[in-house]
Amino acid sequence: MTVFAAQGAARTFDYLAGDVGYVPLSMPHYVENNGSDPLRFLELFRAPHFEDISLAQWMALTPRNLVTAHLNLDCQFLDNINKNKQPVV
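In our numbering, each residue carries its 1-based index in the sequence shown increased by 1144.
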């Protein structure tokens, strides 16, 4: 799991079966199964309202000059990002 903070800072943690991770309030995070077994992942929130934001959709809909200036991405890459949220199943 990678947790993103301000000013381009991020930390990545490797977890094993039975481990518990913590993401501070309002910090975006990304979970990836880098093993060969199926991942069963339980995410709990203290907030009464769940909100999911697609990073790809955010990059596609944010003004191009901001994304290219801050993330060092070219316009061709941004042209290929889907503006519609892709659900993960």
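Keep in mind the hints are simulated off the structure, nothing from the lab.
A couple of the hints might just be wrong.
[Stated by the list, open to error] Beta-carbon label-pair distances, calculated as ranges:
| no. | residue 1 | residue 2 | range |
| --- | --- | --- | --- |
| 1 | Ile1197 | Cys1219 | 35 to 43 Å |
| 2 | Asn1209 | Pro1172 | 19 to 27 Å |
| 3 | Asn1209 | Leu1160 | 37 to 45 Å |
| 4 | Gly1162 | Ile1225 | 20 to 28 Å |
| 5 | His1214 | Gly1179 | 30 to 38 Å |
| 6 | Lys1229 | Thr1146 | 32 to 40 Å |
| 7 | Ala1161 | Asn1216 | 31 to 39 Å |
| 8 | Ile1225 | Arg1155 | 34 to 42 Å |
| 9 | Asn1209 | Gly1162 | 42 to 50 Å |
| 10 | Ala1153 | Asn1226 | 25 to 33 Å |
No residue lacks a Cβ here, since even glycine has one placed at the ideal position from N, Cα and C.
Tested hints:
no. : hint                             : result
1   : Ile1197 with Cys1219: 35 to 43 Å : violated, 22 Å
2   : Asn1209 with Pro1172: 19 to 27 Å : holds, 22 Å
3   : Asn1209 with Leu1160: 37 to 45 Å : holds, 42 Å
4   : Gly1162 with Ile1225: 20 to 28 Å : violated, 36 Å
5   : His1214 with Gly1179: 30 to 38 Å : holds, 32 Å
6   : Lys1229 with Thr1146: 32 to 40 Å : violated, 20 Å
7   : Ala1161 with Asn1216: 31 to 39 Å : holds, 36 Å
8   : Ile1225 with Arg1155: 34 to 42 Å : violated, 25 Å
9   : Asn1209 with Gly1162: 42 to 50 Å : holds, 45 Å
10  : Ala1153 with Asn1226: 25 to 33 Å : holds, 27 Å
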